[in-house]
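Undergrad: Protein chains in written order, with the numbering used here: chain A, 1 to 235; chain B, 236 to 938.
The hints are simulated quantities; they were obtained by calculation from the structure and are not laboratory data. Treat each hint with caution, since some may be false.
Output of the computed footprint for chain A on chain B, the stretches with three or more beta carbons under 8 Å from beta carbons of chain A [stated by the list, open to error]:
id	segment
1	415-425
2	439-452
Residues of chain A clear of chain B, computed beta-carbon distances all greater than 12 Å [as the list claims (entries may be wrong)]:
id	residue
3	Pro29
4	Arg88
5	Gln215
Glycine included, every Cβ here is placed at the ideal spot set by N, Cα and C.
Residue strings, one per chain:
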Amino acid sequence: MNALLELRAVRAAHEGITVLHGVDLSVGPGQVVALLGPNGAGKTTTLHVAAGLHPPRSGQLLLGGRDMTGVDPRDLARAGVCLIPEGRGVFPNLSVRDNLLMMTFTGRTRQEIEEVAYARFPVLGKRPGQAAGTLSGGEQQMLALARGLATDPAVLLLDELSMGLAPLVVSRLYEQVAEIARQGVAVLVVEQFAAAVLGIADHAAVLVRGRIERQGRPDGGLRDELSALYLGSSA
Amino acid sequence: MEQFLTFGIVGLSTAAIYAVIGSGLVLTYVTTGVFNFAHGAAGMLAAFCYWQFTVGWGWPVPAALALVLLVLAPSFGLAVERVLMRPVQRLGEAERLVMTVALLSGAIAAARWIWNPDLPRPLSVFLADKQPFHLGPATLTWHQAITMTVAVAVAAGLWFLLNRTRTGAEMRATVDDRALVRLTGADPVRASRVAWILGTQLAAIGGILIAPTVALDAAQLSLLIVSAYTAAVFGRLRSLPLTFAGAVVVGCMESYLAGYLPQNPYLPGLRLAAPALLLFLALLLFRHPGLRHRDRRLVQVPAPSLRGTAVFAASTVMAGVVLATVLDEADLVSYGPVFSLGIVALSYVPLAGYAGQISLCQLSMAGIGAVVWGHLGAHGELWALAAAIAVSGAAGALIAVPALRFSGVYLALGTAAVTVVLDRWVFTLPAFHLFGLRISFFDQGSVDMSGPDLFGLRLDSAADLTVLAAVCLGLASLAVAWLRRGGFGRRLIALRDSEAAYATLGGNLLVTKVAVFALSSGIAGLGGALYGMQQRAVTAEQFNLVAGLPIFLVAVIGGLGAVGDGLFAGTAYLGPNALTGVASWTQNIVTVLPALAGMGLGHSPEGIVARLRRQWEPLGRDPAALPALLGALALGWVLRLTGAVDGWTFLLGSLAAGFALRAWAAARQAPTAEADVPVEWWGVRRPWRPEDGEVLTRATAGR
Chain A
1 MNALLELRAV RAAHEGITVL HGVDLSVGPG QVVALLGPNG AGKTTTLHVA
51 AGLHPPRSGQ LLLGGRDMTG VDPRDLARAG VCLIPEGRGV FPNLSVRDNL
101 LMMTFTGRTR QEIEEVAYAR FPVLGKRPGQ AAGTLSGGEQ QMLALARGLA
151 TDPAVLLLDE LSMGLAPLVV SRLYEQVAEI ARQGVAVLVV EQFAAAVLGI
201 ADHAAVLVRG RIERQGRPDG GLRDELSALY LGSSA
Chain B
236 MEQFLTFGIV GLSTAAIYAV IGSGLVLTYV TTGVFNFAHG AAGMLAAFCY
286 WQFTVGWGWP VPAALALVLL VLAPSFGLAV ERVLMRPVQR LGEAERLVMT
336 VALLSGAIAA ARWIWNPDLP RPLSVFLADK QPFHLGPATL TWHQAITMTV
386 AVAVAAGLWF LLNRTRTGAE MRATVDDRAL VRLTGADPVR ASRVAWILGT
436 QLAAIGGILI APTVALDAAQ LSLLIVSAYT AAVFGRLRSL PLTFAGAVVV
486 GCMESYLAGY LPQNPYLPGL RLAAPALLLF LALLLFRHPG LRHRDRRLVQ
536 VPAPSLRGTA VFAASTVMAG VVLATVLDEA DLVSYGPVFS LGIVALSYVP
586 LAGYAGQISL CQLSMAGIGA VVWGHLGAHG ELWALAAAIA VSGAAGALIA
636 VPALRFSGVY LALGTAAVTV VLDRWVFTLP AFHLFGLRIS FFDQGSVDMS
686 GPDLFGLRLD SAADLTVLAA VCLGLASLAV AWLRRGGFGR RLIALRDSEA
736 AYATLGGNLL VTKVAVFALS SGIAGLGGAL YGMQQRAVTA EQFNLVAGLP
786 IFLVAVIGGL GAVGDGLFAG TAYLGPNALT GVASWTQNIV TVLPALAGMG
836 LGHSPEGIVA RLRRQWEPLG RDPAALPALL GALALGWVLR LTGAVDGWTF
886 LLGSLAAGFA LRAWAAARQA PTAEADVPVE WWGVRRPWRP EDGEVLTRAT
936 AGR
């Protein structure tokens, strides 16, 4: 399989403390990979390495086969990497419309982006002038996800999409994620709330203390292991 | 009617200038998150440069304008962004605020250095040779017309930039979340640069337009900005149209007050103070939702041991005694205030350091203390000192009540407004009677002060007063340390960390804020009274906003959380004056120093006192080095008193002995310090050693 996003033997550290000890991960076009694991395993750091926010100590970041290690996040974004960060990936003091305007960096005009975003999330179209920080949590996450829809990314990285949201909202958001993947986008999802994402994932990787402990199809065996991991009993 | 119109036109053209400056403030605030106190100072510098080019060197006006607006202002903005703002970008709002205050203070000092303030510098208005023209019943000069046109053009241009372009959206987005800006393919550094360049250019336009109509004076021009602040606050620091409306209100109010205010001795100050008064009212009336921020990092507040602080207080007193015996009368008048101004600086510690309330009016509170002492304690009555503390404490409590509505930058603005109202109006009032009580301030001149009568012992020589101030500083430091360790100190820090959490835990915000304002104002009042005694006579100018800024800056550099900050700030503020004694040409450098040091804050956010403490702690613990140092100091002191050595030899010798013994003590204690690294930090805080694996295996094998 031809991977769109590939991490090879990535090691990364926070202020001298190594958090990733050689992570290998690849996501192909149209594939949804779930990256699971307990708190502090290094999931968010993995995503930040993939988006260029955190330069790795060693190892490689490949995008469509090209080495992009150490490239500025700005240029990675222009090359098609779209990270929706943890918390709300929106600018709280900017209006919905201005948030959408910030998504024009790939060449689409604001009108096109507004059309796409409002068609998928009609609630946003009802309040284009409202400051994003005053939207509800789910609406903010929709606005954040609109960047994944409207900028035609090659790779979509999602960090804790479900944080602080009602289960119904979460499942609706993940429907959109699946829809994005169907268009050929490589999707890498970090999620604590494993049940939400395993429904749409083609592949799952379990990250524990900076190492991929297990990966494979999200079947029953993997689920059992995961619950053992979260609940702390030794499998 | 014609007069009314004329004043209206004057008001509107002033309003246009305020609108230009105010919209520059709004622009920098919404695009960088920094409320730029130095915005007016940038305009002031631009006006001075413009004067230099056109009048000083006789260049043609267009060339001078182009050079100032297109070259100097952008470079200044870029330098500010690069040198001052980027290092504190990750720190809190307070640190960024301090940077701009340092810039304001530094710009005023630099302008006075370059352009001698005693020479008048007239600047002619634009197109002064053309006849005024008529517009309906009104008559406009060309300068007024140009000013208004520029304001409208600026307004339209800025509005379009911020609301209709991607660059504008990028600039505003940068304040919200710099990381996310990079994820959306934009460059946050570029956005900040554009913001600072544009902001400085707007300030420069405002400065050049307003300079011909007022005197070209560094402090006055920089503080003209108070009116522009008011306009920006009308716009809640975000809305350009409302900022323009605010500017019209302020400009017209000033103009009509100038025209119609009745002549009597109480009111001329009111006209000068009116913009500040309006600023305070506007702050009170409008709700100010802060920008929604994500990054906030709070500096730790150390809890000093009472024993350590007692030693520190004793050393402070010793330092006072040494100074009092070593220096002569004239030098004591200049250096004795190390301790009294140190007390004023110490008053920032509970208020800003513990409770997180940035107040810029502490020196005014000191002024109140000084005035009370001057009037009530003319014969040295000791109760008058208590009265001075009580009255300034009450004044502080009074400020705290409205201040309950402000936080962060708004509190700094509000207290700055209070200071301006006090020094432009209240302190200039002649004596008056209120409810049968005669109230007088500086008697429109200076107030004579005398020393206190300590149970029959009259302290009146400079030496006595220096020791008294040192004792008071020692006691106040001890009191603040005791406060920090007690329940009230914990409550203050809880308030700083999260007002909401503090209130939900059952804390009363009003009571706590009033208490801490009263307490620190009382401390400042004590400092002011002692300062006045040492100076023999005080004037209102010694306590104005511009005089207070360097003290605030030095206190911030020292570290607002540290009890030792009082002594540090006093020493660091007055100590460099010793240089001017040796070489008088250093005088200007010394006035710029606090500002320069303030700009260095980004590199040492926890404060210098904390760093000094770490460096000197080994010496304090060392059983051999400490007595050696004390012995050396005592020996030097005796030699100085007997006249064997001069003051400089004593000072330099003491410093040399201190540094040598510090290095020695640190070297003696170094090997023991390393063993203290906890097991889980092996390989992180110290290098991993080959034998460590063995040690760990043995330690865990027994389980």
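Undergrad: Does each hint fit the structure? Answer for all of them.
TA: Against the structure, the hints come out as follows:
1. 415-425: holds (count 8)
2. 439-452: violated (count 0)
3. Pro29: 21 Å, holds
4. Arg88: Check fails; 9 Å does not lie beyond 12 Å.
5. Gln215: 26 Å, holds
Figure legend: structure checked against the earlier numbered hints; hints not met, in rising order: 2, 4.
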